[in-house]
Structures are given as structure tokens and as C-alpha cells.
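Residues 1 to 277 (full-length UniProt numbering) are what the sequence shown spells out, left to right.
Don't read these hints as lab results, they were simulated from the structure.
Backbone N, C-alpha and C define an ideal beta-carbon position, used for all residues, glycine too.
Check before you lean on any hint, since a few could be wrong.
[Unchecked claim] Here are the computed distance ranges between Cβ atoms for each label pair:
| no. | residue 1 | residue 2 | range |
| --- | --- | --- | --- |
| 1 | T170 | R92 | 16 to 22 Å |
| 2 | L133 | T40 | 20 to 26 Å |
| 3 | G24 | A174 | 43 to 49 Å |
| 4 | R169 | G24 | 44 to 50 Å |
[Unchecked claim] Under the rule of at most 16 Å between Cα atoms (straight-line distance), these lysine to aspartate or glutamate pairs were calculated in the EDC-like manner:
| no. | residue 1 | residue 2 |
| --- | --- | --- |
| 5 | K181 | D194 |
| 6 | K181 | E19 |
| 7 | K181 | E97 |
| 8 | K181 | E57 |
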Amino acid sequence: MTALTELPAAAASYDDLVERVLAGGYGPDPRTRRISVAFTTRQAVRHEGRGSGYRNEVLSLRLAEAVGSCAVEPGELPDGAVEECVGADVARLLRHELAPVRVAALDAYLMHALPHGPGNGGHPCPLPAGTSLEKSRARAEAVVDLVGAEPGATVLVVGVVNSLLEALRTRGLAYVPCDLKGGTTEWGEPVRTDALAELGRCDAVLASGMTLGNGSFEPLRRHARHHGIPLVMFAQTGSAILPRLIGSGVTAVCAEPYPFFWLDGGRGTVHRYGGTL
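Assemble the whole structure, with the sequences as input and the hints as a guide.
This is the structure in C-alpha cells:
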């Protein structure tokens with residue numbers, strides 16, 4: 001779809017963005033756009049040389065040429081959720097009872113209406129071909145570039161990815177790792193489970209788009225806006241959603257639409273918004 005000549009103003013919140021989409025403020029009437037394909041992607045990984053691994057599960061919805069996605073905890077998505085989405089119009093799915101469906105539908109719509117690229121505010125950043133670990137580290141560098149904190153600052157990391165922590169460490173940045181799953185980092189550091197409780201001692205926030213699906217994004221956004229601290233998002237979930245919130249608490253976004261870096265060893269692209277690039 002052709003990019004708009006003038007981008008809409010930033011939405012005030014996630015809910016405001018949904019309401020604007022439903023009102024036709026970002027493009028075609030969502031009642032006239034139907035999901036043609038719905039699917040899930042399940043993955044387990046342990047990068048060579050790393051002592052621990054992780055699992056991913058992602059719901060993706062296809063609208064015309066666009067794919068929108070929302071990660072879920074493995075096994076969380078009910079049987080039948082995928083089938084419910086096929087053939088449904090976007091407006092209906094934006095009111096679905098399941099948050100991951102609502103997020104994936106909004107992401108697909110905005111990817112369709114405002115595809116990633118310079119015309120819609122994004123700056124493509126190539127990822128080289130390589131092993132899963134090489135691509136993970138390249139993605140991490142593209143993300144951490146957006147944080148812009150000085151050495152010695154403390155970054156709250158919501159959604160632990162060891163390559164991101166590694167990139168922060170090499171830049172002299174301290175961090176507080178948080179993830180609902182808990183556990184420890186690659187370096188044996190305890191992973192906190194209550195990100196909101198750690199906000200007061202951090203100078204910046206680096207958060208996963210997964211926060212959109214589990215309900216923790218809005219409290220992070222409100223805190224960042226109220227206290228004037230950077231909130232940088234790395235987004236496979238909601239890669240087309242989060243750029244529309246820059247200026248309303250979100251500082252910068254590294255957007256990574258489907259297919260994600262861990263699905264293919266070839267070259268890839270992420271799209272960076274905001275920051276000081």
C-alpha cells in the first residue's frame with residue numbers, strides 16, 4: 001500500500017490507537033479488511049556456546065501483503081483461536097476476548113496501512129547472514145544503539161534476551177533483568193519478575209513488544225512519560241504498533257516484522273524509529 005504523505009499524530013496510548021484505527025484514522029475501514037491466513041510459530045533454541053535456551057510461540061495474522069504478530073507463552077493460546085481469526089474482519093478481532101489476537105490484528109492492520117520504511121518514519125537496518133547466535137548479536141547491536149544512555153547508567157530490561165544484556169555490558173551499562181519467567185541470566189544474575197517494582201532505580205527502560213500481549217506495556221509507558229526517562233522497545237510483537245506511540249512515552253523502536261531473525265540464516269532487516277540515529 002502507498003505510504004501516507006503525512007503521518008498521523010502519535011496516539012496517546014494503546015487504547016487510543018485502537019480507537020483511532022476503528023474510526024478510520026490510520027487508513028481503510030478495518031471492518032472492510034479480513035484476515036486471510038492465521039498461524040502459529042513455535043521455536044526452541046539454545047545458541048552454540050550458551051548455557052541456557054528458551055522457547056517462543058507466536059500468533060501471526062496475515063492481512064493482504066502484511067503479517068502482524070503477537071508472542072504468547074508456550075501453550076497459552078487456546079485450541080481453535082487460530083481458526084477463529086481466519087476470515088474475520090479486523091474490527092471484530094480488535095474486540096476479541098484474547099489479548100494476543102487483538103494485538104496481532106492491530107499489528108497486521110498497521111503493517112498493511114503504514115508498512116515499515118522511510119516513508120512511514122522507519123530506517124532500515126540490515127542484519128547479516130549467519131548462525132543463530134551471530135544474528136542474535138547483530139539484532140542486539142541494532143536495538144542497543146537506540147538506548148543512548150551514558151556508561152554507568154542502569155537500564156531496566158523487560159524481556160530477557162542474553163544477547164541484549166551482552167551488548168549493554170560491552171557498553172558499560174548496568175542493567176536490571178526482568179522477565180515473568182524468572183530464572184537467571186547467562187552470567188548467573190537473578191532475573192526479577194516484577195518490572196514495575198524496579199522502575200525507580202533505573203535510568204532507562206528497554207522492553208520487549210511482548211509487553212503488549214501480557215498487559216505490562218501501558219504501566220511502563222505511563223511511567224516513562226511521567227518521569228521523562230527513555231523507553232526503547234524491541235518489537236517482534238507489535239512491530240507496526242509501537243512506532244505509532246513514539247512521543248507518548250515511547251522514545252524509540254527497533255521493529256522486526258515476521259519472519260524473525262531466528263527463523264532464517266540469511267540476511268534480514270529490522271526497522272528503527274526514533275532515537276538519535
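Are the Cα atoms of K181 and E19 separated by 16 Å or less?
violated, 32 Å
Proposed proximity, E57 with K181 (alpha carbon, max 16 Å):
holds, 14 Å
Just to be sure I understand the hint, the distance between the Cβ atoms of R169 and G24 should be within 44 to 50 Å; is that true here?
Since R169 and G24 have Cβ atoms about 46 Å apart, the given range 44 to 50 Å holds.
Do the alpha carbons of K181 and E97 lie within 16 Å of each other, as the hint requires?
Answer violated: K181 to E97 is near 24 Å, above 16 Å.
Quick one: are T170 and R92 within 16 to 22 Å, going by C-beta?
Distance hint for T170, R92 is violated at roughly 46 Å.
Looking only at beta-carbon atoms, does the pair L133, T40 fall within the given range of 20 to 26 Å?
The hinted range 20 to 26 Å holds for L133 and T40, with Cβ atoms some 25 Å apart.
Distance restraint evaluation - G24, A174, Cβ atoms, bounds 43 to 49 Å
holds, 45 Å
Holds or violated: are the alpha carbons of K181 and D194 at most 16 Å from each other?
Distance of about 10 Å is within 16 Å: holds.
Hints 1, 6, 7, counting from the list given before, are not met by this structure.
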